[in-house]
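**Q** Assemble chain B onto chain A, guided by the hints.
The residues making up each chain are set out below.
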Amino acid sequence: MGVRGLLKRVAFAIATIFVAITINFFLFRVLPGSAITNWARVPNSTPQLQHLLKAQFGLDKPKIDQYFLYLNQLFHGNLGVSFANQQPVLGNLVAALRNTIPLVTIATIIASLLGLWTGVLSARRRGSLVDHASTSVAVVLYALPTQWIGLGFLVLLGRYLPSAGMSSVFTFTTPTPWQHFLDIAKHMILPCATLVLTIYGGNTLIIRSALLEIVGEDFILTARAKGLAPRTIMGSHALRNAVLPIVTLFALSFGYIVAGTILVEIVFTWPGIGSALYNAVVARDYPMMQGGFLVITVSVIFFNLVADILYSRLDPRIRE
Amino acid sequence: MSVVVRTQPDPSAEASSGHLESVRGMLRERPSVVLGLALLAFFILVALLGPLIEPYSTAAQSGPVYGPPSLRHWFGLDDGGIDMFSETIQGARISLLVGGAATLVSLLIGGTIGIASGYFGGVIDTVLMRITDFFLVIPSLVLMIVVAALWGPSVTHVIFVIGLLLWTTTARVIRAQVKSLRERGFVSHARSFGATSRRIILRHILPHVAPLLIANMILMVANAIFDETTLDFLGLGSASAVTWGTLLEHANDRTAVSYGAWWAFVPPGVCIALVIVACYLVGQALEDSLNPRLRVAHISTKFWRIQQVAQTLRSAEPAGRGRTGPLKDRK
Chain A
16 MGVRGLLKRV
26 AFAIATIFVA
36 ITINFFLFRV
46 LPGSAITNWA
56 RVPNSTPQLQ
66 HLLKAQFGLD
76 KPKIDQYFLY
86 LNQLFHGNLG
96 VSFANQQPVL
106 GNLVAALRNT
116 IPLVTIATII
126 ASLLGLWTGV
136 LSARRRGSLV
146 DHASTSVAVV
156 LYALPTQWIG
166 LGFLVLLGRY
176 LPSAGMSSVF
186 TFTTPTPWQH
196 FLDIAKHMIL
206 PCATLVLTIY
216 GGNTLIIRSA
226 LLEIVGEDFI
236 LTARAKGLAP
246 RTIMGSHALR
256 NAVLPIVTLF
266 ALSFGYIVAG
276 TILVEIVFTW
286 PGIGSALYNA
296 VVARDYPMMQ
306 GGFLVITVSV
316 IFFNLVADIL
326 YSRLDPRIRE
Chain B
45 MSVVVRTQPD
55 PSAEASSGHL
65 ESVRGMLRER
75 PSVVLGLALL
85 AFFILVALLG
95 PLIEPYSTAA
105 QSGPVYGPPS
115 LRHWFGLDDG
125 GIDMFSETIQ
135 GARISLLVGG
145 AATLVSLLIG
155 GTIGIASGYF
165 GGVIDTVLMR
175 ITDFFLVIPS
185 LVLMIVVAAL
195 WGPSVTHVIF
205 VIGLLLWTTT
215 ARVIRAQVKS
225 LRERGFVSHA
235 RSFGATSRRI
245 ILRHILPHVA
255 PLLIANMILM
265 VANAIFDETT
275 LDFLGLGSAS
285 AVTWGTLLEH
295 ANDRTAVSYG
305 AWWAFVPPGV
315 CIALVIVACY
325 LVGQALEDSL
335 NPRLRVAHIS
345 TKFWRIQQVA
355 QTLRSAEPAG
365 RGRTGPLKDR
375 K
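Here the protein sequences line up with chains A and B, keeping their order. Letter by letter, the first sequence follows residues 16 to 335 in our numbering. Letter by letter, the second sequence follows residues 45 to 375 in our numbering.
Bear in mind the hints are in silico, worked out from the structure with no lab data behind them. Hints are not guaranteed to be accurate.
Residues from chain B shown here face chain A by an in silico Cβ test under 8 Å; the list is partial [what the hints assert, rightly or not]:
# : residue
1 : Asn296
2 : Gly313
3 : Ala317
Residues from chain A that keep clear of chain B, each with C-beta distances beyond 12 Å, as calculated [said to hold, decoys possible]:
# : residue
4 : Lys76
5 : Gly106
6 : Ile121
7 : Arg141
8 : Gly250
Simulated DEER-style distance windows between Cβ atoms [stated by the list, open to error]:
#  : chain 1 : residue 1 : chain 2 : residue 2 : range
9  : B       : Leu250    : A       : Leu176    : 52 to 58 Å
10 : B       : Gly94     : A       : Val155    : 46 to 52 Å
11 : B       : Gly124    : A       : Ser182    : 32 to 38 Å
We treat Cβ as the ideally placed atom computed from N, Cα and C, and that holds for glycine.
With the rest of the complex left out, here is chain B:
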């Protein structure tokens, strides 16, 4: 009698259809997600079309200094008589580019650290998580400011500075997920068949954490754009690039307030807020539907880091110690 050894069917195939189902359910449950997606699509479209839909050049004056909004200049004019509508469109390009690129950098770092930490455990986990804790605790924005100031103003530098300091939450979320994944049957099956760690990570772990990574990425974009706006506002971005942050900086530096020229800073600010709300709606809903246990973990992207620390404290203690402690005493 022969024994047929059968491996479990690769669960990633089912998983993806399961994810699709949960995403569909989420759309039904939360109509606000559609709004978020529409907003994101709109801004990405604007950024892509950029030069085609800018009504005026952003390099030359097209009207009076601080001219108010009119039919010819929908968003008014700035301190150089440059059309604000065109500048806001151009700002979308660089702000979204920097936000997206910085997020990719941080995703790469955070994903790698999270997977390595969760999969290998032991000393690697301890060391990587100590490093993560350190970056979680120090005020990243201040470190970004200092590094960007020392490195010199440029768009590439801003991307890397943000990306290199933004990965902590990604690492934590992914680590937790990978840790639970590696105890699942299909991973130990694969291992018993002699699959290398590399193969297990690439073929079995990665497909499972990918959706979570994507959800996390959308939330991170909001953070990256926030940080980018701040760095640009401090004059640490490229001096020549038009971004939403530099538009705010110019409004603050150059007498827009004493002119009462609210149109010099309202459009970029509203755009930033819309993009961040959109990322927040989509990212949070995605993550909730993919991983219900995380539901409480983040209420908002900015304060999420704080909640993460609180969670870290909680998880730092061995599970169940609180309950077994008193019992032991009674013995």
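So that you can see chain A by itself, here it is in the shape it has in the complex:
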């Protein structure tokens, strides 16, 4: 892809983020009925803090000035102060994201590998029992609500594995880093498994159909006529071409998963970005809600951009 194409895509992403920020501002502060007219009103805070917030965000100025001040503060990483814990919103969000990223990354990798395996298997034996079984399982998993799968895991395995939070409380001992790591890993099993099952269904179906589309092409017939082994045909002919939609899907679904994790995090009270957003909704913590929406939206747009760039890198037909 040429520099021009790259720039065009980056420009679209930046424009999208800008629109999202604007919507975010107007949604919370200008639309009739938006409850947060004065977000300096942090409960239990000092008058100094309230005064500072009022000055920073120009809360006594006209809305249009407030908008530019908001952009300015945002640019400097100031997203206001959380109503719930009187801490800067950005710090809260970064801490939450740090807990979400490992969960999502591990789940995505496992679900992708599993999906690739069963997707290839059922594309290779189209119409066989294996294909039908794998497709049916995928459709059912895809149709089941995420929170339902999570609750099911809790009832089935909640007795054997930690079911809430991210780590245990070590009352009498100080854990070694290794113990701490193991503890977190154990806590991660159930939420991760839930997320894997949620993503896996869609992945399998997409990989299968991406492969089937390519298997119908003439060059596969040629390869078969040449007497190539089915394994070679699948591996270096079909899969290599199917990699295009698959890579796009994975990069894009990563963005969606960040949003979809909300349900998993609520069921397992995992202290990530989803829980942060949910708690903000429950506590009417408007600055946190606004910040959470912004962070999730920006990350999704970012992964869209990555997918977009990858897509045109991998497909020479699209290069400019």
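**A** Leaving out everything else, chain B in the frame of chain A:
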């Protein structure tokens, strides 16, 4: 010698019988569609009959707290000793209502934007498609959560929040279809006879996209029910309404797990899954038979949005550029 100008016969009449034929063919080809239709019919019937077939009132306790499934209470009892079977039936009512109403809202928006964009083209198309791209890219569920939280919990709000954010794929599919339709002979014939755009859209374009709209609608219902379940699960639906989403929420909030009361959340979850699978089977088969070129475009309704983006990327490039590019270089 007089010249008789003859208009082409209105193709919508043939088209509808053609559609009927293709639908019949689809039923033969895919028996799973019958299963999907049967499931949908079943749930709609349950929702309609609702109060008549609920064995117990959902307002009063009818047995022990978290009583397990028994002959008297098929699906057991919830944390308030309320019959789960009755609650699941009542849940069908509101969940299907919200799913259907939200879909209608999104169909209206998506259909209008898709037709306007595809028919008029030019600046209108560019502007509308940029807006669509924006809504396609931002995580709609998160925006739904924020808007619903600011707007306050209520069933009507949930319907509009979902409907207002769900229309993107409809707009894209319809736009593509309308774009190809407007190049067809009968449209230019109608135009040459001085038909207004309004007349062409209402009399010639709409009948042709209607079947596709219906197929799209069935797929959208699955999405709407998914989103509705999530919003209700987060406590953003009406607090008093019994829906499948709120049943799941209560099971999560109120110690159902520590009681091991799986019956408090299994029935609504299974119902959601059945409705979504049914919509998926029927909607996808319908769309495939109506528009074979779309066959690859959506593998599943939820990830369909993603595929759409991928397609958008592909179609954003002028067609054939890849092939002509190298040739030009060689020159």
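**Q** Decide, hint by hint, whether the structure agrees.
**A** Taking the hints in turn, this is what the structure says about them:
{"no.": "1", "hint": "Asn296", "in the structure": "6 Å, holds"}
{"no.": "2", "hint": "Gly313", "in the structure": "3 Å, holds"}
{"no.": "3", "hint": "Ala317", "in the structure": "4 Å, holds"}
{"no.": "4", "hint": "Lys76", "in the structure": "22 Å, holds"}
{"no.": "5", "hint": "Gly106", "in the structure": "21 Å, holds"}
{"no.": "6", "hint": "Ile121", "in the structure": "20 Å, holds"}
{"no.": "7", "hint": "Arg141", "in the structure": "15 Å, holds"}
{"no.": "8", "hint": "Gly250", "in the structure": "22 Å, holds"}
{"no.": "9", "hint": "B/Leu250 to A/Leu176: 52 to 58 Å", "in the structure": "55 Å, holds"}
{"no.": "10", "hint": "B/Gly94 to A/Val155: 46 to 52 Å", "in the structure": "27 Å, violated"}
{"no.": "11", "hint": "B/Gly124 to A/Ser182: 32 to 38 Å", "in the structure": "34 Å, holds"}
Consistency note: the structure conflicts with earlier hint 10 alone.
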